[in-house]
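Trainee: Sequence:
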Amino acid sequence: MTEEELRIPSKLKFKNGGIYNPDGSINWDCPCLGNLPTSICGEPFKLALNCLINSKTDPVGLDCIDLFEKINSCFKEHPELLSDETKDIKLE
Numbered sequence: 130m131t132e133e134e135l136r137i138p139s140k141l142k143f144k145n146g147g148i149y150n151p152d153g154s155i156n157w158d159c160p161c162l163g164n165l166p167t168s169i170c171g172e173p174f175k176l177a178l179n180c181l182i183n184s185k186t187d188p189v190g191l192d193c194i195d196l197f198e199k200i201n202s203c204f205k206e207h208p209e210l211l212s213d214e215t216k217d218i219k220l221e
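Numbering-wise (my numbering), the sequence shown opens with residue 130 and increments by one.
None of these hints come from the bench; they were simulated from the model.
Treat the hints with care, since some could be wrong.
Derived pair list, reagent style EDC-like, types lysine to aspartate or glutamate, alpha-carbon separation capped at 16 Å [stated by the list, open to error]:
{"hint": "1", "residue 1": "K199", "residue 2": "E172"}
{"hint": "2", "residue 1": "K175", "residue 2": "D158"}
{"hint": "3", "residue 1": "K175", "residue 2": "D195"}
{"hint": "4", "residue 1": "K175", "residue 2": "D192"}
{"hint": "5", "residue 1": "K175", "residue 2": "E198"}
Kindly generate the complete structure, drawing on both the sequences and the hints.
Mentor: Dropping the structure here:
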């Protein structure tokens, strides 16, 4: 895909809706999130994603670093949660 094509909003409709519910809240049942919201690392994942989406810092997410560090720690403790494509990524 070209960069221009990537900028076109997706027209895909998920059975459970997209990442956002009609009220603007995060749809934790969206297939796009996989099993992360209900996994053993689900709570830190939810906190970090919610922080990132609502972040007002510049750069966006700067105020969420500690939450993403908690996810990183959880993934180190539970590498089985990572897909085959991401298992080779070095978590620091």
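Trainee: When the structure is checked against the list of hints, which entries are broken? Sort them ascending.
Mentor: none
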